[in-house]
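For the protein sequence lines, the chains are A and B, in the order given. The first sequence maps to residues 797 to 1010 in our numbering. The second sequence maps to residues 797 to 1010 in our numbering.
What the hints contain is simulated information worked out from the structure, not anything from laboratory work. Be careful, since some hints might not be right.
Since the list gives no way to pick out one identical chain from another, each pair is judged satisfied if it fits inside one copy or across any two copies.
Listed below are the simulated BS3-like cross-link pairs for lysine-lysine, each with C-alpha atoms no more than 25 Å apart in a straight line [to be verified]:
(1) 921 - 992
(2) 965 - 984
(3) 984 - 960
(4) 798 - 921
(5) 965 - 901
(6) 984 - 901
(7) 965 - 992
(8) 821 - 921
(9) 859 - 798
(10) 984 - 859
Protein chains: 2
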Amino acid sequence: MKDTVGVAILVSGGGTNLQAIIDAKAAGQLPSCELKAVISNKPEAYALRRAEKAGIPAYVVPKIGRGEAAQVEFEERVDEIIRRSGAEVTVLAGFMCILSENFVKKYPERIINVHPALIPSFCGKGFYGLRVHEAALSYGVKVTGATVHFVNEIPDGGRIIMQKAVDVKEGDTPETLQRRVMEEAEWKILPASLEKVCADILAARRNDAMNDQL
Amino acid sequence: MKDTVGVAILVSGGGTNLQAIIDAKAAGQLPSCELKAVISNKPEAYALRRAEKAGIPAYVVPKIGRGEAAQVEFEERVDEIIRRSGAEVTVLAGFMCILSENFVKKYPERIINVHPALIPSFCGKGFYGLRVHEAALSYGVKVTGATVHFVNEIPDGGRIIMQKAVDVKEGDTPETLQRRVMEEAEWKILPASLEKVCADILAARRNDAMNDQL
Chain A
797 MKDTVGVAIL VSGGGTNLQA IIDAKAAGQL PSCELKAVIS NKPEAYALRR
847 AEKAGIPAYV VPKIGRGEAA QVEFEERVDE IIRRSGAEVT VLAGFMCILS
897 ENFVKKYPER IINVHPALIP SFCGKGFYGL RVHEAALSYG VKVTGATVHF
947 VNEIPDGGRI IMQKAVDVKE GDTPETLQRR VMEEAEWKIL PASLEKVCAD
997 ILAARRNDAM NDQL
Chain B
797 MKDTVGVAIL VSGGGTNLQA IIDAKAAGQL PSCELKAVIS NKPEAYALRR
847 AEKAGIPAYV VPKIGRGEAA QVEFEERVDE IIRRSGAEVT VLAGFMCILS
897 ENFVKKYPER IINVHPALIP SFCGKGFYGL RVHEAALSYG VKVTGATVHF
947 VNEIPDGGRI IMQKAVDVKE GDTPETLQRR VMEEAEWKIL PASLEKVCAD
997 ILAARRNDAM NDQL
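All chains, full assembly: derive it from the sequences and hints.
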């Protein structure tokens, strides 16, 4: 029986969260994961360079056009790469496309996402990127953080895997807060959650195999 | 000019948050505060004993009957004790009565409350006591905490003074989580916030006095 779980990482931009995963793998912190594919919807995403440097197959799947047909076509191509690569777990690491309910339901508790707030605060529709930190500062919270969760059909609604709190500081701007939440929370809990999910899959598989032998 | 701000503390029950304030005062951590009065709506509240032991005048103001007239009568009596005691800042420390918009508006940014969650999570109408922790566990958050905020006419809606995060642990019940949030967050940030609010009032007063002399 294989002793790792294949992982695909979906990206759109700079790929700092991808880098955190690559670094954790290089440091031996992801023994249950094998990084199989990086898929970007943007050909210019620097994340693709990071994947190449780390020796991970990198793919570009641009989304062409709008509407349901374009979405179906896009998701079919992403899905094919994921399946062919042998990935069982997919990480959304700064992936700026919405995945349809149809796609998400095919992979229950197999797609994970990182959200830059302590869900249920500042999450759901309309809360993405810098807007999350603008909302937190405008509300006046003194503690925010990040959440890694499974993706289901409700935006930011899937089961929470890990969360980490980060203090807001006097004089923070959305930009300084975004950076601190990345450094102190996202880059730590995303690789740790990925390892946990893959280790849990392997443990369940070993358990099933033992039961089969009985 | 006086160099402390008088504080009244409203309670209904055991008074562990009151005790945290009393202990902080005894430890010299509240140099800007003078504890003037403890007011309970329940004659049997153990918080009254804690006040007596600490030498703080303790008052019972039962709320008799329901409806607006009873509320007005109750609040007038509370208000009179607060004013006569010389308190300028009022702390709601496990006070289980709702204060009317009318009462609250008389003391803008002078009434502070502690809520056992990281606002805006698990707050507002219906979220009090153990229910807050039941909601957090049922949602599946991995981080919760406490918030000290000013009281305004919106439930848990006033400006946030301090927040502190607390990790949820595997196997937590609402009761174990409630206790940990008290110990690790509420008992720390409530006295610290009270001192900050009173110190800020004194600093503003000194500033005004200096400007008057110019």
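Comparing the hints with the structure gives:
| no. | hint | in the structure |
| --- | --- | --- |
| 1 | 921 - 992 | neither (27 Å within a copy, 36 Å between copies) |
| 2 | 965 - 984 | both (20 Å within a copy, 18 Å between copies) |
| 3 | 984 - 960 | both (9 Å within a copy, 20 Å between copies) |
| 4 | 798 - 921 | neither (38 Å within a copy, 51 Å between copies) |
| 5 | 965 - 901 | neither (39 Å within a copy, 29 Å between copies) |
| 6 | 984 - 901 | neither (27 Å within a copy, 44 Å between copies) |
| 7 | 965 - 992 | between (31 Å within a copy, 16 Å between copies) |
| 8 | 821 - 921 | neither (32 Å within a copy, 46 Å between copies) |
| 9 | 859 - 798 | neither (34 Å within a copy, 68 Å between copies) |
| 10 | 984 - 859 | neither (30 Å within a copy, 51 Å between copies) |
When held up to the earlier numbered hints, the structure conflicts with 1, 4, 5, 6, 8, 9 and 10 and fits the remainder.
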